[in-house]
Amino acid sequence: MKEITFLGDSLDQITSFPQSVKRDAGYQLDRVQNGEDPVDWKPMKTIGSGVREIHIKDAAGAFRVVYVANIGDQIYVLHAFQKKTQKTAKGDIKLAKERLKALK
3 MKEITFLGDS
13 LDQITSFPQS
23 VKRDAGYQLD
33 RVQNGEDPVD
43 WKPMKTIGSG
53 VREIHIKDAA
63 GAFRVVYVAN
73 IGDQIYVLHA
83 FQKKTQKTAK
93 GDIKLAKERL
103 KALK
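Under my numbering, the residues of the sequence shown are numbered 3 to 106, in order.
Don't read these hints as lab results, they were simulated from the structure.
Some hints here could point you the wrong way.
What the hints assert, rightly or not - Cut-off 30 angstroms, straight-line C-alpha distance, at most; resulting in silico cross-link-like pairs (DSSO-like, lysine-lysine): (1) LYS44 x LYS89; (2) LYS47 x LYS96; (3) LYS96 x LYS4; (4) LYS89 x LYS99.
Could you build the full structure based on these sequences and the hints that come with them?
Take a look at the structure:
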């Protein structure tokens, strides 16, 4: 099982999510730790190679957890946020890119 490392304020962001979203985020990350894909995800090639975005939908809105699992033997959560518009905000993409660059 791979360890999870939360970069920047990503853990604080997840803990600020509504309870049901936190639970689902934990479940999806557990799937990744055990070598499975999250239930709803997409690759984020605009951020970097191997970066994925977990999609979580709830009555409170749409939430995202951006991670990379192909660097060493760990899972790195780069960013977590509530999505406010159809398109991912440039600031969220920029922050995840910066954290990935710092990681490498």
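Of the hints stated earlier, which fail here?
As far as the earlier hints go, not one is violated by this structure.
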